[in-house]
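Assemble chain B onto chain A, guided by the hints.
One-letter residues, chain by chain:
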Amino acid sequence: MIKRKLKCWLAVLLVAVTSTSRAEIEIVITDWLNDARPIAVVPFAWQGTSAQPPFDMSAIIAADLRRSGRFDPMAFNEMPQTPTHHSDVDLDMWKKKGIEAVVVGKVQETSVGQYTVSYALIDVFKSKQVLEGGELITNNDYLMLNRVGRTTRPSFRFYTHQVADNIYQALTGERGAFATRIAYVTVDRSVKKSFQLFIADSDGYDPKRLFSSEEAIMSPTWAPDGRSLAYVSFENGRSEIYHQKIYTGERNLIAAFPGINSAPVFSPDGNKLALTLSKDGNPEIYILDLQTRRYKRMTNSPYSIETEPEWSPDGQSLLFTSDRGGRPQLYRVPITGGRPERVTFSGEYNASGNFTPDGKSLILVNRTNGVYHIAKQDIASGDMQILTDTHLDESPSLAPNGSMVIYATIHRGRQVLAAVSADGRFKIKLPATRGEVRAPAWSPYLVQ
Amino acid sequence: MSIKQLGKSLILTLPALFMVACSTTNDGAEDSQQNTETSTETTVETPVDTTPQETEADRLERINAETRAQRTVYFEFDDSTVSTSSQDLLKAHAWFLSKNPGISVVVEGHCDERGTPEYNLALGERRGKSVKDVLISYGVNASQVRVVSYGEEKPANPAHTESAWSKNRRAVLDYEG
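Protein chains in written order, with my numbering: chain A, 1 to 448; chain B, 1 to 177.
Just chain A, same shape as in the assembly (with noise of 0.2 Å):
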């Protein structure tokens, strides 16, 4: 298959507004893939007392397999034919149609507020039945995914993303994060709590507001469990860190020392925070344990600055900028101490810099001749590519299982999120609805 890079400029819009929901961010596709591959999710069936399901499954499933630039889901209007039970699918039919799977599905109210689904995914290039000692025998070989689950009215939308996600795993081999969501803040200069602090789902969903003020709110940064975040804010006239816990609302202060408290991130097993103190002359990093509370210091350089701390996967060593060479690069140092040891060196700047998950690559953001973006560089060889080609992009934080970006950029004289795929051959913006919209955060996967 040829792989060409089609430029959608007209804007593909994903999100589906319902009348209850309150979407601050919309999602565009603008850039997409013609090897993108054809599928299809027919409409799943609905019983229920209502005349409609509480969403449309089948709708917000096409959607985020759109979104992760692998797939491009057939249009409602062309399908063949529109079965509900896997029995009814005619494979012949989708294949002449050029489709590689279908997804099928049925959702049943079985209480008020309660649902079973069930749902199916077929490889169309298998068959029903094969030839076995002379006869025709049926089998179940085209069944990549047969499944039941049960969920609630308030679960129902994040349980479909888990759908999502295990229909992406049945078919790349490689766990979906759908059922995410980013952190972000939002800055409207014209409410006098101009910074707000909110997650959403990875869809841009469902936004909720967890911390609004008058002052900045900067690097929210993900707990491991998904159910907290720490954040620099200014309410007290310059930046101090906190963790608030996201379903209690249970706030504390973290570091509040002389100078600067900044850019926190949690260790793989939640129990340490990296983060950036001046409190002993210039930028520095350390390591708080959480428990006793105790501070370790990572970096020791006078006369430069050190910060963007981020930990290995393996939480063996850690990655932050420094400009000890006399412009930001990237270094790593073990935990247990030692030299820290360049290992970016293409570029005049490179920044802000992200583990992939398997731990061979890094995201970061790279200036060359001025321009920033975010690229990404291969640890071993150290050849670095660029991925975007976006405006002033900072900010990259990398969807859990490491097939997207997400960063913020310069858009129309905006600020607002932007995404590309690892690969740098998807590209997605997600301009909000008012004000502008910085510091993305990526969850951690949220459900086992």
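Do not rely on the hints blindly, as some may be mistaken.
Taking lysine-lysine pairs in the DSBU-like style, the calculated list, with each CA pair at most 35 Å apart, reads [said to hold, decoys possible]:
1) B:Lys154 to A:Lys429
2) A:Lys279 to B:Lys167
3) A:Lys279 to A:Lys245
4) A:Lys97 to A:Lys126
5) B:Lys99 to B:Lys167
6) B:Lys154 to A:Lys192
7) A:Lys429 to B:Lys167
8) B:Lys91 to A:Lys296
9) A:Lys106 to A:Lys96
10) B:Lys154 to B:Lys99
11) A:Lys208 to B:Lys154
12) A:Lys279 to B:Lys154
13) B:Lys154 to A:Lys296
14) A:Lys128 to B:Lys99
15) A:Lys192 to B:Lys167
16) B:Lys154 to B:Lys167
17) A:Lys296 to A:Lys245
18) B:Lys91 to A:Lys208
19) A:Lys245 to B:Lys154
20) A:Lys193 to B:Lys99
Covered stretches of chain B, as calculated for chain A (at least 3 residues, CB under 8 Å) [to be verified]:
21) 46-52
22) 141-150
23) 153-161
Away from chain B, derived, C-beta distances all over 10 Å, residues of chain A [to be verified]:
24) Ile287
25) Ile410
26) Thr433
By construction, these hints were calculated from the structure, which means they are not laboratory data.
These numbers come from a predicted model, not from an experiment.
Don't be surprised by glycine CBs; every beta carbon is placed ideally from N, CA and C.
For chain B alone, coordinates are given in the frame of chain A:
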């Protein structure tokens, strides 16, 4: 208005000028005597000079206050060096602070939006410290100066343009109390 009154009013303003006034008013009195002997009648009168008299100290205070009304110094892109053109401004603030050790100042360090927000928070602090170092070099006590960095979070102009950026790369002196 008598000479005595003139002298009194000068005493009230400044003793140094009074000395000068005494010697010259005597000469002035002799001149007016001579004038009365001319054919046409003329009168020279000397009103009290009520123009506020500014001392050198007052003049310096005034100039200093005028200079100190400017509280912002600007920086080059990705740089925290205080420019030579900002030195006079900081010298004026340093002169004031060293004369008023009870007064303290917050130096706010700011950046433009280019580059990462976290690195810029550190760069804003470095700019603030550069300004603090200059103030100290002009005799200010370090305890009078506190540095707060806002990074790129508090732009003077929130537009995403080159001209906004040049106004956002700054340090602002904010007097406390």
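Here's how the hints hold up against the structure:
1. B:Lys154 to A:Lys429: At roughly 25 Å apart (the allowed maximum being 35 Å), Lys429 (chain A) and Lys154 (chain B) satisfy the hint.
2. A:Lys279 to B:Lys167: holds, 28 Å
3. A:Lys279 to A:Lys245: holds, 26 Å
4. A:Lys97 to A:Lys126: holds, 15 Å
5. B:Lys99 to B:Lys167: holds, 30 Å
6. B:Lys154 to A:Lys192: Distance of about 14 Å is within 35 Å: holds.
7. A:Lys429 to B:Lys167: Within the cut-off at roughly 29 Å; holds.
8. B:Lys91 to A:Lys296: Distance of about 40 Å is beyond 35 Å: violated.
9. A:Lys106 to A:Lys96: holds, 25 Å
10. B:Lys154 to B:Lys99: holds, 31 Å
11. A:Lys208 to B:Lys154: Within the cut-off at roughly 25 Å; holds.
12. A:Lys279 to B:Lys154: holds, 22 Å
13. B:Lys154 to A:Lys296: holds, 31 Å
14. A:Lys128 to B:Lys99: violated, 93 Å
15. A:Lys192 to B:Lys167: holds, 23 Å
16. B:Lys154 to B:Lys167: holds, 11 Å
17. A:Lys296 to A:Lys245: Given pair Lys296 (chain A), Lys245 (chain A) holds - Cα atoms ~25 Å apart, limit 35 Å.
18. B:Lys91 to A:Lys208: violated, 50 Å
19. A:Lys245 to B:Lys154: The hint holds at about 27 Å.
20. A:Lys193 to B:Lys99: violated, 39 Å
21. 46-52: It is violated, with 0 qualifying residues against the three required.
22. 141-150: holds (count 4)
23. 153-161: Held - the stretch 153-161 of chain B has 5 residues with a Cβ nearer than 8 Å to chain A, which meets the minimum of three.
24. Ile287: Non-interface label stands for Ile287 (chain A): nearest chain B Cβ at 17 Å, farther than 10 Å.
25. Ile410: violated, 5 Å
26. Thr433: holds, 18 Å
Hint compliance for this structure: hints 8, 14, 18, 20, 21 and 25 are broken, all remaining hints hold.
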